[in-house]
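**Q** Listed below are the residues making up each chain.
2 protein chains.
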Amino acid sequence: MDVLEAPAVTLPSARGPLDPAELERIHAWWRAANYLSVGQIYLMGNPLLREPLLREHVKPRLLGHWGTTPGLNFIYAHLNRAIAARDLDMMYVMGPGHGGPGPVASAWLEGTYSEVYAEVSQDLAGMQRLFTQFSFPGGIPSHVAPETPGSIHEGGELGYSLSHAYGAAFDNPDLIVAAVVGDGEAETGPLAASWHSNKFVDPRRDGTVLPILHLNGYKIASPTVLDRISREELDHLLRGYGHTPHLVEGDDPALMHQQFAAALDQCLDDIAEIKRRARDGVSERPRWPMIVLRSPKGWTGPAEVDGLKVEGSWRSHQVPFTDARDNDAHRTVVEKWLRSYRPEELFEGDGAPVPAIRDLHPAGDRRMSANPHANGGVLLRALRMPDFREYAVPVDDPGTGAVESTRVLGTFLRDVMRANMTNFRVFAPDENNSNRLGAVLEATDRAWNAQRAPDDVSLAADGRVMEILSEHTLQGWVEGYLLTGRHGLFSCYEAFVHIVDSMFNQHAKWLKVTDSIPWRRPVASLNYLLTSHVWRQDNNGFSHQDPGFIDHVVNKGPDVIRVYLPPDANTLLSTAAHCLASRQYVNVIVAGKQPQLQYLGMQDAIVHCTKGIGIWEWASTDAGTEPDVVMACAGDVPTMETLAAVEILRGWFPDLRVRVVNVVDLMRLVDDREHPHGISDREFDSLFSTDKPVVFAYHGYPTLIHRLTYRRANHGNMHVRGYVEEGTTTTPFDMCVLNRIDRFNLAIDVLDRVPRLQAISAHARESLHDKLIEHRQYIRVHGEDMPEIRDWEWSAVAGPSTQVGNQPLVEPVQRCGS
Amino acid sequence: MDVLEAPAVTLPSARGPLDPAELERIHAWWRAANYLSVGQIYLMGNPLLREPLLREHVKPRLLGHWGTTPGLNFIYAHLNRAIAARDLDMMYVMGPGHGGPGPVASAWLEGTYSEVYAEVSQDLAGMQRLFTQFSFPGGIPSHVAPETPGSIHEGGELGYSLSHAYGAAFDNPDLIVAAVVGDGEAETGPLAASWHSNKFVDPRRDGTVLPILHLNGYKIASPTVLDRISREELDHLLRGYGHTPHLVEGDDPALMHQQFAAALDQCLDDIAEIKRRARDGVSERPRWPMIVLRSPKGWTGPAEVDGLKVEGSWRSHQVPFTDARDNDAHRTVVEKWLRSYRPEELFEGDGAPVPAIRDLHPAGDRRMSANPHANGGVLLRALRMPDFREYAVPVDDPGTGAVESTRVLGTFLRDVMRANMTNFRVFAPDENNSNRLGAVLEATDRAWNAQRAPDDVSLAADGRVMEILSEHTLQGWVEGYLLTGRHGLFSCYEAFVHIVDSMFNQHAKWLKVTDSIPWRRPVASLNYLLTSHVWRQDNNGFSHQDPGFIDHVVNKGPDVIRVYLPPDANTLLSTAAHCLASRQYVNVIVAGKQPQLQYLGMQDAIVHCTKGIGIWEWASTDAGTEPDVVMACAGDVPTMETLAAVEILRGWFPDLRVRVVNVVDLMRLVDDREHPHGISDREFDSLFSTDKPVVFAYHGYPTLIHRLTYRRANHGNMHVRGYVEEGTTTTPFDMCVLNRIDRFNLAIDVLDRVPRLQAISAHARESLHDKLIEHRQYIRVHGEDMPEIRDWEWSAVAGPSTQVGNQPLVEPVQRCGS
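Chains as they are written, first to last, in my numbering: chain A, 1 to 818; chain B, 1 to 818.
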């Protein structure tokens, strides 16, 4: 072991903490795991090589990644020794998750694999199955995956190991998460940012992440950056991240075993000391230990094949040679390679691991492959939820009383927090207060264990509001937190949630797959609150306008995704309470943070949210009859503009039969055969009619509504208005005008599409166009919307009016509380 | 100036390199820029405060970000001194681009602003306009934006300043890019990763990035991580990134001016020395200098308002107080604040800057606001392009001769590279060879200036293949490279290009806005090659399956986005050559890297790609008549399966009139009123008919095709097959079966939908279902597709056949060259 720069413990290289028996046991485990890994990649028969390796024993398509696997197995073996010796509660997060054969092998050696997959028994038949299923039709993926016992970390996309590990460690004070960071992965942005997670850990309240940076030197084809900077630079970097690095470097197994065991012992001693100090009340940000393991890529694999270096080279990244079935020479290499592990010493006659191996690993839940934190659903406790109805905003008259809906939600979240101070956190990229969730800080602080200054507010080591300006780190944290059986809410500016599009993909895929794995227990849903949304970017402009995360989300499986657009505070409360109690979904809630009119009292809000879509009778004028037009809306701003358009139309045409349909649950638009929240054609037709014009004001890109409804009978009559990419600097209402979801354009749409209005609406149309011109002129002079627009409220009893021209169509009403 | 830990130059704090006149000039510039910045945020009248500040002089909606602005202005002033003194070619990239008022103020002081926006003249009327337009309807955004002269970096989303700066510096050996990194931005993943860009710089061939980490201590509401770690940790971190940091810290302007000037001189001296050594042939990765500027947030703003700290606090992040119009006391604070800069000393009677200020900044193109690199189109030279037809794959019979199309493209790119060794680069996350573009390495190497090992291949400091395992860094590099007037291609695994969804958004928005800015000259398009696509993830599985980037892209403005799905090598060549020559677009090319059948000879490929969509007569049987069915396809795998289905159907029903329509340019499906590449209803109907069944096999999510075509007459008859989220481990063909874009299911679709087949196709349908069952059984045993599937080729003269049951429907044909 070699501590970079600042020597701590230096051992004579030939000696170490392992006695010969321990060394032998660890080495046997490693050989067994490596044997099983190579077997998974290459073999579909003759699993213990009890006969010569023939063509038909080798898989026809060789798929998988060998290069990183022996390193993962090496670490696994050593962690097992430490877990057993110290009775540790430890999880294993594998950043280089392409090395899927490794943890599968270890889970099989520990018996866990056979417990959850009985057909992959701990004997020769099971080993045969273990090998054949790997990356085989109907089998298991080649990466660490939901199917892998002991994992919370999909091994496909790289960059999230550390943030997942920290998410797992939060609020689990006795848990140690050993997190292997690949040196390829370490080049990614999300990984690079997540090192700083250690500033958000409270050593008393939270568990420990033990990073193990695995320098195996190569990616697919190129060297890795961190392997090719000087030892001094690497040491600086890791100390700059706040760690004390311990270097283990070499390729001789005996020396490496001793070195790694010593480094691990040192780290665990240091962690124990840090935890002891924390329990004793010492307030500090500790300098957490970590390990740097520099070992050859494809370690223990063939040194050379066809004269080309393989071990210690990028050539061992995937399958070192893919023609081992038909190329006799290469098949011989595979056979020699496999036999080099001496399987006859590792497995009994029936194929089960020999006692020396079984003795190494801990028992029961202490096995990393069986650690309950890695199957968080088994630890999940339901949130203790206050009654969200008690946070209701009183709504005397619908469409009045502007309120910041997310601020109301904040009071509810505050009390959710108070009732769940060990298993609930909220996450935001420094936007908790900007998103009006500031009340949560009455219940807890922002997590912060870096330096503090006198003027800081609401910072504490044990805070539960997680803020770092990295959407990636936050997403990783919340995923790790949820997958280990806890609850959370991630609030984010709508436009910038695209930063985690790809992470969302991976999490949604994880949920989808776990739905079909019986031993994986359901976990709490991932709840997004998207605010600072596209319609109110007055302070930011075009770069902050993108409502497309919804489009991205609905591409994922209907089993796991839900999208909600509550139009006001009470519907937001109802929606949020529902989402927080749900399991196995990704819930996307879109709700603005700016003051907005309130429509539904709490009882009505609950009914409306439960239905997810419905006619707003109080705003409609088609009672008991066929409507002339359906005005549909989804989203807070579109809802307001739709109602304002209705009011204008009612003023002019008191006998116009307008039906207002509001959509909270966007998936209600879908066919019930395609989404669990979908509605039948009959229900859809009863809301939208089969032949009447529909003017639909939607929060996001209008094509999404078409995409969700194109099979409906009345789709040909649906005219959807939504956001179109047209950036400019303007006022809130003018954003609507530019995108034609404003009250005037929506009213014009109706005039254009209702046959019986087409002949009689010339004056009205003229007047609406005049208003649009007047509006544009006004804002260019005054810089803000006309008061009659800005302060508009719904006037329930608006009588008929024939005002045209420059007269206000609707008398301005003072906004309550403004 | 204080060099962290390792002292280099230490100046007595009261002294420094600036003589009193220089100090005075710099300070005057800073005051003027700050004055103009505050004016932009607050004022809409009385620009020079020649009368008391009244209510009507203050904007009604106060929008913008003050906190970071004085720091940006401070640095600008100092860079100007250095540019003038050393005749530097320097650009300014502002990571904290929310401070938009700053660079606008500096551009106005330099005269550039008035040159490109004549109405914002360098006088009182212009200043009035400068103030009013800021974050005002019809005016300019509050962030650094395309409208800002001198910028290539939108100030909305954070994290890309360094990667943009490096992209600008590549191949510009004499350019220095001063890149301000905000300490908020520094927490993001993309920024954290991009520090390592310095390992990819050749000091002889490339320019220099001078990072200036601006610690102003706070984000919106919280402290920043890098401001709250120990000085030692920060020093370690920055040295770990490979830099030598120079710290400038304080709040006293005079001392800070001297310190910063000294630090900057030191850095520029060091850079000059590094460049000299490089020119002298010294081969090394230099330890580049950088500056850490620790200054108060909202520096020079009000110290306190209403008893609360503002300067040096998060409270100055945006507009320190937003009621300055109506609150007299606050308006007085604004007036005092503005007057504290002593505008009467800074501006002439007519409002123009005084000579002392005008003397500070350099002239002409040396002004950072006028640097031509920041308006790359003016420097753009067209690529010298070899004739792509010379790389054609011979196609004797369509649908035969499997070839890795991207490998063919690689040979073309190799020669594009050879012809453009100073202004073309290719970018990939360590996937250049995996994506079969390895031939490029015959023309150049991978850029690599970290350590090298004996077994490395194709690495060189002056390599032009840019590989780092960070899609974010690559995207930032390529954007910076393009925006400064060069050319590039970014190849990426299809699923993981979602990692840069949000960066794509910002770049597409940038292009869209620049289209309407006359002085911004067109730049080369951003070309994505998405390969390792969804249909061939045999080695990786579900986590690597996501064709949704296309969906994401088409949400952006039709003016700037193009999507191509060339089905074979020759169409790929034609498409790529077209894209490389184009301007101001984002081109997305999706093409697999696995061996695939070839369909079109080069001449046919050019015709087909030029049309973008067309009937493949050679595969169709409807010549001169109405078709019974249209079989449409977009993408390489869907095209192959469609043709195989056609062959099956032709075998059974020789008189069936099948029309095969292949789509290369996806935007051709769109209405020509909505996209420049769209086609009219008449054209669409002539291809797809108005009433015949259409079976459409599409590469991506099928809803996209519906979304693009829902207004077409025949949309009700379109049955689209594409990718559905159903992850499992399987074979290439079985991926198609799972998603029902395989030949058998497509043929069944036709049997189901062509009325005259419905009565007579019972045996055929039965046989197809049998094949599906046989296939599934086969792969579960053998692990690979049946040879007749795997080796299928188009048999142009396939005669009628009535084979049913377990007989092969089509005789297997040996694949050429396999």
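Treat each hint with caution, since some may be false.
Identical copies go unnamed one by one, so any copy, or any two together, can satisfy a pair.
[What the hints assert, rightly or not] Only pairs whose alpha carbons sit at most 20 Å apart, straight line, appear in this in silico EDC-like list of lysine to aspartate or glutamate: (1) 611 with 672; (2) 692 with 51; (3) 309 with 455; (4) 309 with 456; (5) 275 with 766; (6) 611 with 22; (7) 611 with 328; (8) 611 with 119; (9) 199 with 232; (10) 692 with 328; (11) 611 with 681; (12) 336 with 56; (13) 275 with 672; (14) 199 with 284; (15) 611 with 683; (16) 199 with 455; (17) 336 with 323; (18) 611 with 559.
Derived by calculation from the structure, the hints in this document are not laboratory data. A quick note: this is a predicted structure, and the numbers were derived from the prediction, not measured.
**Q** Now tell me if each hint is right for this structure.
**A** Hint check results:
no., hint, verdict
1, 611 with 672, "within (14 Å within a copy, 39 Å between copies)"
2, 692 with 51, "neither (76 Å within a copy, 61 Å between copies)"
3, 309 with 455, "between (59 Å within a copy, 8 Å between copies)"
4, 309 with 456, "between (56 Å within a copy, 11 Å between copies)"
5, 275 with 766, "neither (74 Å within a copy, 68 Å between copies)"
6, 611 with 22, "neither (63 Å within a copy, 71 Å between copies)"
7, 611 with 328, "neither (66 Å within a copy, 50 Å between copies)"
8, 611 with 119, "neither (44 Å within a copy, 55 Å between copies)"
9, 199 with 232, "between (23 Å within a copy, 15 Å between copies)"
10, 692 with 328, "neither (73 Å within a copy, 55 Å between copies)"
11, 611 with 681, "within (16 Å within a copy, 39 Å between copies)"
12, 336 with 56, "within (17 Å within a copy, 87 Å between copies)"
13, 275 with 672, "neither (53 Å within a copy, 67 Å between copies)"
14, 199 with 284, "within (10 Å within a copy, 35 Å between copies)"
15, 611 with 683, "within (11 Å within a copy, 43 Å between copies)"
16, 199 with 455, "within (19 Å within a copy, 39 Å between copies)"
17, 336 with 323, "within (16 Å within a copy, 79 Å between copies)"
18, 611 with 559, "within (19 Å within a copy, 40 Å between copies)"
The earlier numbered hints that this structure contradicts are 2, 5, 6, 7, 8, 10 and 13.
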